[in-house]
Structure formats: C-alpha cells, structure tokens
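Visitor: Chain by chain, the residues run as shown.
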Amino acid sequence: MNKTMNSAALKKARSSGFLRRVMQQTFSGWGAKIGLAWVGLLLILAVFSPFLANSMPLLASQDGHLQAPVLRYLNVEDIVVLAAFFIFIVLLLTPLRQSLKTLLLVFLMAIVGVTIVSKQFVVEQQNIVYEDFRHQLKNYDWYLMPPVPYAPRDYLRDVRSLPLQAPLVDKQHIHWMGTEENGGDVLSRMIHASRIALGIGFLATGIAMVIGVILGGLMGYFSGIVDILGMRLVEIFESIPTLFLLLTFVAFFGRSIYIMMIIIGLTSWSGYARYIRAEFLRLRKQDFVQATIASGLPLRSILFRHMLPNGVAPLLVAASFGVASAILAEATLSFLGLGLVDSPSWGQMLNQAVKSSMFNWWMAVFPGGAIFMTVFAYNLMGEALRDAIDPQLDKA
Amino acid sequence: MSLLQVQHLKTWLQSGGNTVKAVDDVSFSIEKGETFCLVGESGSGKSILALSIIQLLPARISSHPGGKILFDWRKQASTQQVDMLKLDENALCDIRGSRIAMIFQEPMTSLNPVFRVGEQIMEALLLHNPGLSDEIARQRALAAMEEVQINNAASRFNNYPHELSGGQRQRIMIAMALACEPDLLIADEPTTALDVTVQAEVLKLIKALQQRKRMSVLFITHDFGVVAQIADKVGVMKKGKLVEVGETRQVLKHPSHAYSQKLLAAVPENLPRRDKSKLETTGENKKNNEALVKTARLDVFFPIRKGILQRVVDYVRAVDDVTIDIHKGKIVALVGESGSGKTTLGRAILQLQKPTAGSVTIDGEELVGLSSKELKPWRRKMQIAFQDPQSSLNPRLLIAKTLTEPMQVHGIGKDDEERLELAAEVLEAVQLKRDFLWRYPHEFSGGQRQRIGLARALAVNPEFIVCDEITSALDVSVQAEVLQLLLEIREQRDLTLLFITHNIAVVEYLSDETIVMKSGKVVEQGLTSDVCGNPQNPYTQKLIAAVPRLNS
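Order-wise, the sequence lines are chains C and F.
Be aware that the first sequence starts at 11, since it is given in this note's numbering, and climbs by one per residue.
Be aware that the second sequence starts at 715, since it is given in this note's numbering, and climbs by one per residue.
Keep in mind that the hints were calculated from the coordinates and are not lab data.
Incorrect hints may appear among the rest.
[Stated by the list, open to error] Within a straight-line C-alpha distance of at most 27 Å, the following computed DSS-like cross-link-like pairs (lysine-lysine) qualify:
no., chain 1, residue 1, chain 2, residue 2
1, C, K295, F, K1095
2, C, K365, F, K1095
3, C, K295, F, K976
4, F, K1008, F, K1090
5, C, K111, F, K1128
6, C, K295, F, K1090
7, F, K1008, C, K295
8, F, K1128, C, K295
9, F, K1232, C, K295
10, F, K1115, C, K295
11, F, K1087, C, K295
The following block holds chain C by itself, in its conformation from the complex (with noise of 0.2 Å):
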C-alpha cells in the first residue's frame, strides 16, 4: 500500500517538475508556436519522405497480389529514421514513468539494436531505374501513389527531353515547385533533404552539446588549474574558423554527411563549455553543493545530479542557436559545391540555382525559404526558451 501511494505521490511531484514549467512558459507564445510548428512539420516530412516523394507506388494490386513497393526499396537509413521515431512516440505515451535517463538508455540501445539488425538484412538497391516503376504501372489493377510521385533522384528522362521547368507548367506532369537543370522534381528533393537539415541540426549540437558538458563542467567545478588548461582549450578552439577546417577535413575525407555532422559538432562545443563553466563556477559555492560535498556523494552525483540539472537552462538555449548554425554551416558547405554529391540538401539545391545560366527563381526560392524559416523557428524558439528562464522577466 506503502509503495503505490509513494508512487502515486511521485507521479504528481513530477508534474510540477521545473523543466515542465519552463516548456509550458515558452510555448505559451506565438513565436515558439509556430516556430515549434515547422520543425514538428519538417521532422514529419523527414520521416516519411520515401512514402511522400517517391516514383513507386505505395501500394499496387497485380492478378489479385496486393504488394508495396516502396518497402522492398527502403534503404538502412529509412528504417532507422522510422525505428527511431516510432520509439521515441512509443516512450513518450508510455504508462511507466522511468526516469529520464532510462528512457534515453532504452532509446539510444534500440536504435543501435535496429541499426545492427538492418544492416544485416536489408539489401541495398543499387542504380534503381525509376523509368521502369512508371511503366510498370500499366500492369497493375490499381494502385496507390504517394502525394508527390517522384524520387529525388528521378531525372525523368522518359517523360521529357527539356529537362528544366518552371513549377505547374506541364499539365500532365505536375511539378509543383517545377524541376532543376537535370529534371528532378523540386518538391521531392526539398522534402528528402529535410532530413538531412534535421539530422546536421540535432547531430552536430548533440555532439557538441556532450563535449561541452563534460569539459565545461569538469573545468567549472575543479577551477584552478583545470580550468586555466580548459580555458585555453577553449580558445584555441574559438580562433579555428569552422567553415575553413571543414573544409580541409572534406578535402581529406571525402563528402561524408556523418563526417560533416562530427566535424561540425567537434568545433562549436567551445561556446556550450563556456556557458557550462560560468553555471558551475556559481553553482559551486551554492549551499546545497556544499552540502553534498559534505556529504561525502561520489563527484559524479555531484557533476551530473545536482549540478547539470541546476545549470543546464542556459545551454538549452544556445543548444537552439546552435542547431540553426550548424544548419547553416551545412548550407554553406553545400553553397560552395563541397557539400554531398548525389542526395540532395537546400544548400546544394540554391548551388545549382546559381550555376544554371539563367536565373530560375523556383529554383532559389524555395530551397532559400526553408533555411530561412528553419533557422528563424529554431531562433524563435531560442528565444522564447531564454525569455522562459529568466527569473528578472518572470516578475516583471
């Protein structure tokens, strides 16, 4: 009896946890509304993009066979986007409240787990000829296509012999944000490409975020020496520009999206251990750290329970800062032709609309406007996010 009453009281404690306030405060205005509204956009498309763009169809009857093509073409990387997200819904509604740190633990082991298993057993489809899919199609009884029915990669070079063409021009193809120099379809390469604006986000200040936690708050609790050493680190870091360093390191490595995400995540921690350092070095002289102290709990408890939790608020804030400039950095590289090679991202997609001898506005337009609005969202909720946390404007 003892233990669900406890349970039942920690159930409610939990709901007036401070990062629960914190998240009620910033959402509460339009700004992070909307701004929250096209990443939750842009994270639906990313995830779905094979079934919202591509040449093959959903679903397909043939002599009475009911089949999906669609599925026999999902690469590694699609399933473990999908895996990932429908996790991530199922922890989030599910009725066991585990802590935090559990649920992130049962999180990160799934995903590895899918991972793992997926490369063992899918097949990668190699130089898939999208031409046959449409050919293919007289042959159904019926069939379901997805909303925009051709892949990023679908040059159609069976429907037209002029390749590049301005959006709702053709009425038997629609194309509705029109097509780049080679033929492939606008709106199918902008929706693929989310993903990858998402993942460079989430990735790169994911990696960055974690260095600069660790060092930040070693260099901050421990002062002294540890923190002249880090400090210097620190700067040394600060002086490297990123754009150039990416730069030499595609040189070196090739146009790897993951050796992007790592490279960019290896350069910005220096502003995250920055903030981490200031937090520690007040929190440290707070009683209930000393009082821990007192206690004899082991420097992790410390660091991480007492410590981070009480610091982090700051660093949330820059974290969103963070993901639009590393969205940027992305789009740069891309910009400048260095970027991926054959999937296509918004910054290798204005590159293309400058290289092309005439200026065709669809072409910049759209691409250009999703940057825009994804850097302006996470700008948005940035600040909606440091307005939350700070005590002077809460009274006001």
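Given chain C, put chain F in place with the hints provided.
Guide: Relative to chain C, chain F alone:
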C-alpha cells in the same frame, strides 16, 4: 497637530491576476520630533506601508482603494496640510527628499557606485535648492558628512562608495537624507545589514540627529531590541493590519494583542530558560569530558595575487592560529561580526575548505590531508546546515531524493523502501509531515526549508553538526521554533553542535560554551555564562554592550 496622519490607508498590489491586500485599513499618526517604530515579520506589509507614504510604489501594480495620508507640507514660510494620495507627480517630487527622506536597508546598493559620495550628497541638495551655488552646496554636503560623524570628511568627500565600509555607507545615506533637513525620515531596516557594534553606533547617531533637528522618524524594523532602543511609539503589523499601537514601554512590557504577545515571547531573551543547574554540573565534569572535535593551530589563508604574473603578495588570514576544543554533547557557539572568519572556520573543520596549516581531529583522528575517498567514512559523522533557505536545497530534486541519497552512499538502510521510511522519520523528527517527501523545495516556506536542511544533516545520523547561521534569515517566531527544535533534537540524539551566529541573544539562550572570533583569531572562549556575563576581552565587552536589549 500631527506631522503625519495615516487614516484607514489601504494599499492593494496586483500580482498575476491576484490582488494582495498589502496594507489593509491602517491608521496611525506621527507627532513632530517623535520616533515611530513599525515592527512586524517579513511579509507583514511594513515596507509597503512606508513606500505608500512616500508614494514610491509603481502605479502599474498598486492602488489605494481607500484612506488618506495627511502630511504637513512646509513650504518656505507657510505650512499646509496635503493628502499624499491626491498630489501630482511634481508636488511629490518637491516633497520627496526635501520634506520626507528615506533610507534603505542595503547600504551596498543604495548608493550609485560610479559617483563620488560627496557629489551624491551635493546632487540631492542642488535638486531641492535650485538657487544654491556649487560652492555652498559643497560646504553643506561636507557639513552633513561631519554631522554623521564621518572622520576626515574632507578627504572622504572624493571617495567612491566601494571604498567605504558598510557602516560608513549607511552614514552617507543618512547624510544625504538629512542634507535637506526633512521633517520626516523614513528608515526601512537601516541597520539590519550591519554588524551589531556598527548598528549601535548608527542607532545612536539617528537618535542624536533627530533630537537636535526636531525631526520625526518612521523606523521600520523586525528587531524588538532596536525598538526598545529607539522608539517613542511602536506599531505592530501583521498581514497588512496594524494590530497594536502604543507607547514603546507599554507595548513591550504589557502587550495587549495576542500577536504582539506571541512575537515578544519568541524573542530569544524572553524564551523560557533551560535548566541551568544541569549545565553547571556538566561544566564541572569538563575535565573528564572527552573533546569530540579539536583544532590545533589551524590556519586558513587566502592568497592575494597582484601584477601580471599573479604573484602572491599577501594573504587574507581568514582563520589565524585557531585552537579550540568542542566537547561531546555540548552546544558551542561561535560568535563574531561579518568577516571574522567564523564560517570559514566551520567549513575548515568539515574539510569543505582546505586548511593552510594546522590540524583538525575528530575522535582523535586527523582529518587534514585526507583525500576525499579517505574522508568519506568521516563525512557520515559530521554534517552542516546552512544559513540561506533559498540556496541550501537542490531546487530540482524531490525532498525524498535529497534525504535518501546520502543514506545510500553511506550504506544506511537495506533498500530504497527502508531509506524512504528512515527519511520520513527524520522529517517527523524535525516536526514536518511525512508526505513532504514528495515535494520540491520551492513549495516550502523559509522556516520549513531550514528544517529540511536540518533533516538532511540528521539523515546520516551524525555526531557533530555545524549550524552556520541557520536562524539568521528567519522571522523571530520561526527562529524560536527552530531553536527549540534544535535543543530537543540535541537531547534525543546526543548531538554535538557548533552553532555559528552573530546574534548574542541566541547564543545566550542556546549554547553551553562560547567562542568569540575577531579577524580570524579567537579572542575569548569559555562557558557562555562567563563569556556573556563577565567578558574579559575588550572586544567581547564592546560586542556584548552593543547588543540592543529589550529590557535595558
């Protein structure tokens, strides 16, 4: 006719949709040349009342649905009675500073740090006397500084606020307030942030100036000792209402309202004394009694670094050659003014601050020089409780977690279930409810938080607790409860306490032995009755004499 009459004043504050009746139907009057003291606990509305009189509350959030504040406004020759609530902003500006002046609690922040103190006094003068020439204003400012007994006023004139001590800054504030010779001085806790010896001087100064200038004073305080020193009349406030007004002697000796009686009974001087005979016998057995904690020639120095190379040029000697014994089962009070090193000594004993030299032993075991791993078993034996109820608890942790985590680290209790049970028992021991376990710190009042802080210290069942000013931030009635609780727990658990405080009255009530510190050195130590009753050291004598007593 009275100088100031407040009639049925109501001040309502709007905060987040709620209306707080901060001042609710308050009436009183102040005669010319009289000192009126407003006493009350925090949140009773005494500061809001003062700000209402001088009309300094932001109009956006405050309103006066009723009442009058009648003030005799002395313009050049004539005097005219005005209602402060009905005056326009220009008239108010003429009155503020020149006819009604105000001094605030915090001497650190009430002066502008980028101007010289003399200029700030001159500015106040020039503002209200537009015809004054700079030279005359300068002379009057200097005269005002001499009046508040600032030594060497001419050279202090060009100092910046940070170059002055807290007491000197408060004197500058008073000089500024008095420069225009106001009829009414409102002093909002002007001595609360000051040390007791400085407080005594400032109180004497205010009293002397008031008598010389026939000025009225509205003095706000929470300290009945100060009331007894300075007030002609006293008003007791509770939750926005003035529950009792009367002559000081009458109210202090024979309070008529139940709330005033309760407040006065909670003053440490008036708390029921403990059985002193028991104390005497233990005092005689002192020789047999083993010392639990000992320090020998303990030093804690903080280096002062200068120059580009950050060379150490000198040390701040926070704790300087301190040798003390703390006997088992005793409450030892450590008294001193701010900066005397008493908190640093407490922390150095617990190894929260690394000593520069010397030794600290508990149960005969040396603690100095042990690594944090080697210290861990000793951590269980000695704990600390802190002054500030706001920062002493982790705001992001449930009370349950705060209490059980140290238990878990020290292997107390078999499983979480048992530890929760133990934590609930500790909460009951500090007279809190069991289900407070499932709350966060922000849901508690200051007194409750101090009890939880004490519960955290008790959770690992220590033998020795350092109580660092644990009642200083509390109202007097809450302080009384916490002190009584501390005595009870000491009896039940056979604890040894080092009670760090600046409040002599608390020392006299609580402690068995007293140690007096000044500038890092121990100047006197012995039984409390000896140290407080018959001080030998000149500094201790001065300290004891400066304590504002209720029955002086």
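Visitor: If you draw a straight line from the CA of C:K295 to the CA of F:K1095, is it 27 Å or shorter?
Guide: holds (23 Å)
Visitor: Going straight from one Cα to the other, do F:K1008 and F:K1090 come out at no more than 27 Å?
Guide: holds (19 Å)
Visitor: Is it true that the CA of F:K1087 sits at most 27 Å from the CA of C:K295?
Guide: holds (21 Å)
Visitor: Are the Cα atoms of F:K1115 and C:K295 separated by 27 Å or less?
Guide: With a Cα-Cα distance of about 21 Å, the restraint between F:K1115 and C:K295 holds, given a limit of 27 Å.
Visitor: Verify the proposed pairing of C:K295 with F:K1090, using a straight-line Cα cut of 27 Å.
Guide: OK: C:K295 and F:K1090 at ~20 Å, within 27 Å.
Visitor: Is the hinted pair F:K1008 and C:K295 satisfied, with a Cα-Cα distance of at most 27 Å?
Guide: Holds. F:K1008 to C:K295 sits at ~26 Å (cutoff 27 Å).
Visitor: Next pair to validate is C:K365 with F:K1095; report whether the Cα-Cα distance is within 27 Å.
Guide: violated (75 Å)
Visitor: Is it true that the CA of C:K111 sits at most 27 Å from the CA of F:K1128?
Guide: Between C:K111 and F:K1128 the Cα gap is close to 23 Å, so the pair holds against 27 Å.
Visitor: Decide if the proposed pair is consistent with the structure: F:K1128 and C:K295, CA atoms, cutoff 27 Å inclusive.
Guide: violated (33 Å)
Visitor: Does F:K976 lie within 27 Å of C:K295 when you go C-alpha to C-alpha?
Guide: violated (37 Å)
Visitor: Quickly compare the C-alpha distance for F:K1232 and C:K295 to 27 Å and report which way the hint goes.
Guide: Status holds; Cα separation ~24 Å.
In this structure, the hints that do not hold are numbers 2, 3 and 8, in rising order.
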